[in-house]
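Chemist: Construct the complete structure from the given sequences, taking the supplied hints into account.
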Amino acid sequence: MPGKPKVAFYWCASCGGCEETVVDLAEDILKVVEAVDIALWPVALDFKFKDVMAWPPGHVAVAFINGAVRLSEQEDWVKLLRQKCSLVVAFGSCAHLGGIPGLANDTTREEILANKYHRSPTVDNPRGSRPETQTQSNGYHLDLPVFWNEVKPLDAVIEVDYYLPGCPPPSKLVAEAVGAILKGELPPKGSVLAPDKSCCEACPLNETKPETLTIKEFKRVATSTPDPKTCFLAQGYICMGPATRSGCGERCIRGNMPCRGCFGPTPGALDMGTKMLSALGSLGEAETAEQARALADTLVDPIGTLYRFSLPASLLKRRVVKKEG
Amino acid sequence: MAEEQFEPKIVAFLCRWCSYTGADLAGTSRRQYPPNLTAIRVMCSGRVDPTFVVKAFADGADGVLIAGCHPGDCHYTNGNLKAMRRFPLLIKLLERFGIESERVRLEWISASEGELFAAVAKEMTDTIRALGPLHWNERVARLNQAM
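Chains as they are written, first to last, in my numbering: chain E, -6 to 318; chain S, 314 to 460.
A portion of the hints provided could be inaccurate.
As the list claims (entries may be wrong) - Simulated pairs of lysine-lysine, DSSO-like, Cα-Cα distance not exceeding 27 angstroms:
| no. | chain 1 | residue 1 | chain 2 | residue 2 |
| --- | --- | --- | --- | --- |
| 1 | S | K405 | E | K209 |
| 2 | E | K(-1) | E | K77 |
| 3 | E | K182 | E | K(-1) |
| 4 | E | K190 | S | K368 |
| 5 | E | K212 | S | K405 |
| 6 | E | K43 | E | K77 |
| 7 | E | K222 | E | K190 |
| 8 | S | K368 | E | K182 |
| 9 | E | K165 | E | K182 |
Note that these hints are calculated values from the structure, not bench results.
Modeler: Printed below as a string of structure tokens:
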């Protein structure tokens, strides 16, 4: 069908939740299918690398790529899609900032493989096998993807035109983005297709935030339950709201879960974690260095809390444990 | 040929009211201190967002000094207390990333403490020289490529 623009969906290191968002468009997906042709969607339709290689450049109007990049195969795919698609949208937290898989940058490839293939109590691996990148099968030589020591956001591998944030992006934002692309009413290249405000500004608990907010100790949802009707920060829970972009529909807050920061940093913030740290520090109730240290002691897992979705896109990018050179 | 001595790059965020003036005094009173510090004048130690510290490391600094007025002397009443509250959180985060806590210091240096400024500069330079270069981005790149 000529005339209809083509779209491609692709997934890299992700959980499948982003694909679910497309399905969650429900009846609206019919409107999408009416307006566009789906040229590639591995979760639903079978496609091979060579099929896509045969496309002429610009064959597809827009590619929505979700997931972080951590395998050589994913790098090959996204580079190919970049050549063949006019627009590339990083879809969801993992493609945008590295996301949950990006927390692998808090450890190393060696540690991950040792845990998965040897140490884990449920593993039965008497020969001590590890994934290989080459193998022979029925007389054929097979090259398998290389698992990297690093998880990257999409824009660390290819040029990205737009970002749709969220874990997963809400259907409303997806529908708006698709609409804007079809109408050609797009913001400047590199924009995040979500509001420019912080999550707090849209938060239903914002009114309960006291005039002067102080924190005596950091509490965790794992060990206590917050009051669902009061600002989580005022209760001492680390809610990433002040450092996070809005547009999510505050789904977590309404589910009595403090914001975890999946929408990424507010516009202009260089580093999400240190921005939040700055806010937390100034809210701390401590008059002496001793008290400030005691408060800091109650912060468990600083990287997992402050960079839950954004570690690979942070200024320091990863943990480097061993001192080298 | 003898190996060249490692000269640490230290970024010093100095509060405009106390510590920057203290550094000035160290100079005008001809105190000797190592030239490894690059001073950045800020309005208050409370203005030093932890992002600045992390950015300095990511851009090649080996150490970062934050210096402000003594508690109680802040020109803005309590900006230095904000710096004091953030500091242990920042240390904790940096240590988790693998950056030694000795690479960051928070000091209270008043406008009359030129001597103290010179002493801190010397001590910090010596400590970091002993630790060796940080070269954060190179370390990250090396680890990323390691298999």
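Chemist: Does each hint fit the structure? Answer for all of them.
Modeler: To see whether the hints hold, each was checked on the structure:
This hinted pair checks out: K405/S and K209/E have alpha carbons roughly 17 angstroms apart, not beyond 27 angstroms. Distance check on the hinted pair: K(-1)/E and K77/E sit about 11 angstroms apart at the alpha-carbon level, within 27 angstroms; holds. Annotation: proposed proximity of K182/E to K(-1)/E holds, straight-line Cα distance about 20 angstroms (limit 27 angstroms). Between K190/E and K368/S, the direct Cα distance comes to roughly 24 angstroms. Compliance with the 27 angstroms bound is thereby established for this hinted pair.
For the hint pairing K212/E with K405/S, the CA-to-CA distance comes to about 17 angstroms; that is within 27 angstroms, so the pair holds. Distance restraint check for K43/E and K77/E: the Cα-Cα separation of roughly 12 angstroms lies within the 27 angstroms cut-off, and the hinted pair is therefore satisfied. Between K222/E and K190/E the alpha-carbon distance is near 22 angstroms, which keeps this suggested pair within the 27 angstroms criterion. Simply put, K368/S and K182/E have alpha-carbon atoms about 25 angstroms apart, close enough for the 27 angstroms limit, and the pair holds.
About 21 angstroms separates the Cα atoms of K165/E and K182/E, which keeps this hinted pair within 27 angstroms; it holds.
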